[in-house]
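Listed below, chain by chain, are the residues.
2 protein chains.
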Amino acid sequence: MEFEVVKQDTQSQARAGLLTTVHGQVPTPAFMPVGTRGVVRTLSQKELEEAGVRLLLCNTYHLWLRPGPGVIQKAGGLHRFIGWDRPILTDSGGYQIFSLAQLNKVSEQGAAFQSHIDGSYHVFTPERVVEIEHALGADIIMPLDQCIAYPCTYEEAREASMLTIRWAERSLKRHRELGEEKSIGCHPALFGIVQGSVYPELRQNNAGQLLAMDFPGYAIGGLSVGEPKSLMYEMLEAVLPLLPADRPRYLMGIGYPEDLVECVALGVDMFDCVIPTRNGRNGMVFTSSGRLVLRNAQYAQDFSPIDPECQCYACQNYTRAYIRHLFQVEEMLGLRLASLHNVYFFMKLMEQMREAIRKGSFQRWRQEFKNKYNTAYPGGNDRESFQ
Amino acid sequence: MEFEVVKQDTQSQARAGLLTTVHGQVPTPAFMPVGTRGVVRTLSQKELEEAGVRLLLCNTYHLWLRPGPGVIQKAGGLHRFIGWDRPILTDSGGYQIFSLAQLNKVSEQGAAFQSHIDGSYHVFTPERVVEIEHALGADIIMPLDQCIAYPCTYEEAREASMLTIRWAERSLKRHRELGEEKSIGCHPALFGIVQGSVYPELRQNNAGQLLAMDFPGYAIGGLSVGEPKSLMYEMLEAVLPLLPADRPRYLMGIGYPEDLVECVALGVDMFDCVIPTRNGRNGMVFTSSGRLVLRNAQYAQDFSPIDPECQCYACQNYTRAYIRHLFQVEEMLGLRLASLHNVYFFMKLMEQMREAIRKGSFQRWRQEFKNKYNTAYPGGNDRESFQ
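The listed protein sequences correspond, in order, to chains A and B. Residue numbering for the first sequence follows the working numbering, starting at 84 and increasing by one per position. Residue numbering for the second sequence follows the working numbering, starting at 84 and increasing by one per position.
Because the hints were derived from the structure by calculation, they are not lab data. Heads up, a few of these hints could be off.
One copy or two, either will do: identical chains are not told apart, so a pair holds if it fits within one copy or between any two.
[Said to hold, decoys possible] In silico DMTMM-like links for lysine to aspartate or glutamate, alpha-carbon gap of 25 Å or less:
id	residue 1	residue 2
1	Lys455	Glu264
2	Lys129	Glu413
3	Lys129	Glu392
4	Lys431	Glu130
5	Lys157	Glu413
6	Lys129	Asp385
7	Lys455	Glu238
8	Lys129	Asp168
9	Lys157	Glu392
10	Lys455	Glu392
11	Lys157	Asp385
12	Lys453	Glu341
13	Lys129	Glu87
14	Lys453	Glu263
15	Lys431	Glu263
16	Lys129	Glu238
17	Lys90	Glu263
18	Lys90	Glu434
These figures come from a predicted structure and were not determined experimentally.
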């Protein structure tokens, strides 16, 4: 993987970049829809491509349990198995072990857990996770980390973040060994993940230790897990300036459109979140002037599209009234159209930001977005967890 | 509506024809996917068009309850409401009142029933149903009929079929009045429905009385409701020869591919059935060499497409193993791909039959189909009822 900053904004930390992988290029700032089980819920791969998705997130934990890495390897890797030939990033499963599975024990060695599906016992070690991710054939892979809940004490956060660092070292070691075993050049990129809960000192310390290991990209994890939004921004402001300008910065599990804009301004390059699809399935859609809940009675006879400014298939062909009807009668096409529109909206939002940064007009664009977009909606933890 | 027989097969009763409506032409024999609530379950209108669907069935009963005819009229009619500009046929709701709603009373006047959704009280009279269907703006409309269960006595069947005839007369009268009220030429075509359960004499008597009323098309209803398949064919052989050659013949609620082929050979021009979508949602797919159940473990590592001979999006882009995985992890894309493939398969089957009839090779095609296609699957009642 290569990363190049194409344009640095002069009035903010925002930058436009280009990630290059063997499966193609990804202009940044980029948003990844979440394809936990090898599919972005309700959508087809063709629809993702048409929406402009260039990088897809899949989840090691879920794919490990079903269909299992053996099936995916026999299929010729994850790209072939799911019919997606653009880049894929795999999350390590750390977050899911701690939020979803029945956790049996975290030790220095790794995390022992029971499957949330059938109760079967599994052990994820940092080495094992990297091995699985190599076997899946992802382009960017994340190491196992210990995610802790909010709130937690300084001491809890310190211990977890130090364990995460030791795991990162082991992940990197195994990753390099695997790279040396390979004859072909499809070596994935392993990112480091900064943890440290809401303690700036821990976050900064954590970042410093990861930097010493020289990862090709850095993620910030363990945010948007229930903490006040002001604390999330405090952490970003503590960590982002420490990260090297020539490496991509990935903020995990964020966010709402207004958060994406602010975080891009702080210098984040990559995002993932289930919001466009999960909220879509609940009937919430994002428009250029804010959010609306299609299930509401006020849309029963509203024959305008979700967003008159949108060029997606849903907006070009269907009305709010029809999509609301689909939700009322529990027809899946409603979930599809709302999800499709939201993914399209998020991809267009990122495209607009990339273009504004390249043109040197990001600050003006950001102000116009704020003026138009109504942000009066509560945030929360929007990473794929309770499914 | 106009109907023209383009080619009559010389070795069977099969014929290729052309239905012309204000919303476009429909080559026959034609299969209609069922879009009960204004949507074919899991599929988009674009996907239906791409699969070659030319005529869509929607249901008066369901649309009456939700969203209600007022919303649809305000949208500018059913075509506009659902974003479908090809022809639409509306079923009357008779079948649903008797199978789905809590039926309170059938009288000479009509059928009083309680909604299966909220228990609200409604009365459908033959006149009211025709009025609703005119308001929806369908191209072909079906009159209210009394559907009775199988088995039933001769006397029960006789009374129901006679009431259906009297209702057909009233439907036709109201339909003609509405046509005279209209200034523009989008008058729908009202078909007659032959009932009479499994009693050939009743069926033939019923057909004779409908013929005297001179409908532009004739449907055969009340079959595939649990009777042995041999009885269904006995009824078809009793009724079809009586129907005029220059009018389309519509067999309601049928069927499996093997039934479609046999019924086309008997001279049926139109079909509708939920099988492609309902069975698809259950993981059953149709292929040129028979049916298969994708959920089965045998497909877990089968990296071939559903049907190697099929050109649909599912077969061109995904494997059985991946679609099985989607079913295993309960991802909607699995239901979508199976439904999409099945609708495509049914449309291609009809296209093949139309082409074979036009070329004069239908009997040979039919034999080849039988040799290749495994028909060892139990039939049953496959009209959209228990949802």
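For each hint, the structure was consulted:
With identical chains, the CA atoms of Lys455 and Glu264 are never at most 25 Å apart, being 53 Å at best within one copy and 49 Å at best between copies. In this assembly of identical chains, Lys129 and Glu413 lie within 25 Å of each other by CA distance both inside one copy and across copies; the values are 24 Å within and 20 Å between. In the homo-oligomer, the alpha carbons of Lys129 and Glu392 lie at most 25 Å apart both inside one protomer (22 Å) and across protomers (21 Å), since each shortest distance falls under that limit. Taking the closest pair of Cα atoms, Lys431 and Glu130 come within 25 Å of each other both inside a single copy (14 Å) and across two copies (24 Å).
Taking CA atoms no more than 25 Å apart as the test, Lys157 paired with Glu413 passes between copies only; the shortest distance there is 22 Å, against 37 Å inside one copy. In this assembly of identical chains, the alpha carbons of Lys129 and Asp385 lie at most 25 Å apart only when taken from different copies (22 Å versus 29 Å within one copy). Neither within a single protomer nor between protomers do Lys455 and Glu238 lie at most 25 Å apart by alpha-carbon distance, with minima of 43 Å and 70 Å respectively. In this homomeric assembly, Lys129 and Asp168 come within 25 Å of each other (Cα to Cα) both inside a single copy, at 11 Å, and across copies, at 24 Å.
Taking identical chains as interchangeable, the C-alpha atoms of Lys157 and Glu392 lie at most 25 Å apart only when they sit on different chains, with a minimum of 23 Å there against 44 Å within one chain. Proximity of Lys455 to Glu392 under the C-alpha cut-off of 25 Å is restricted to the intra-copy arrangement: shortest distance 13 Å within a copy versus 51 Å between copies. Within a single copy, Lys157 and Asp385 get their C-alpha atoms only as close as 49 Å, which misses the 25 Å cut-off; across copies the closest is 10 Å, which meets it. With identical chains, the CA atoms of Lys453 and Glu341 are at most 25 Å apart within one copy only, with a shortest distance of 8 Å there and 60 Å across copies.
When the C-alpha separation of Lys129 and Glu87 is checked against a cutoff of 25 Å, the pair qualifies neither within a copy, at 28 Å, nor between copies, at 39 Å. Proximity of Lys453 to Glu263 under the C-alpha cut-off of 25 Å is found in neither arrangement, the shortest distances being 48 Å within a copy and 57 Å between copies. Neither within a single protomer nor between protomers do Lys431 and Glu263 lie at most 25 Å apart by alpha-carbon distance, with minima of 39 Å and 51 Å respectively. Neither within a single protomer nor between protomers do Lys129 and Glu238 lie at most 25 Å apart by alpha-carbon distance, with minima of 47 Å and 56 Å respectively.
Taking the shortest Cα distances, Lys90 and Glu263 never come within 25 Å of each other, neither inside one copy (34 Å) nor across copies (69 Å). When the C-alpha separation of Lys90 and Glu434 is checked against a cutoff of 25 Å, the pair qualifies only within one copy, where the shortest distance is 14 Å, while the shortest distance between copies is 55 Å.
Hints 1, 7, 13, 14, 15, 16, 17, counting from the list given before, are not met by this structure.
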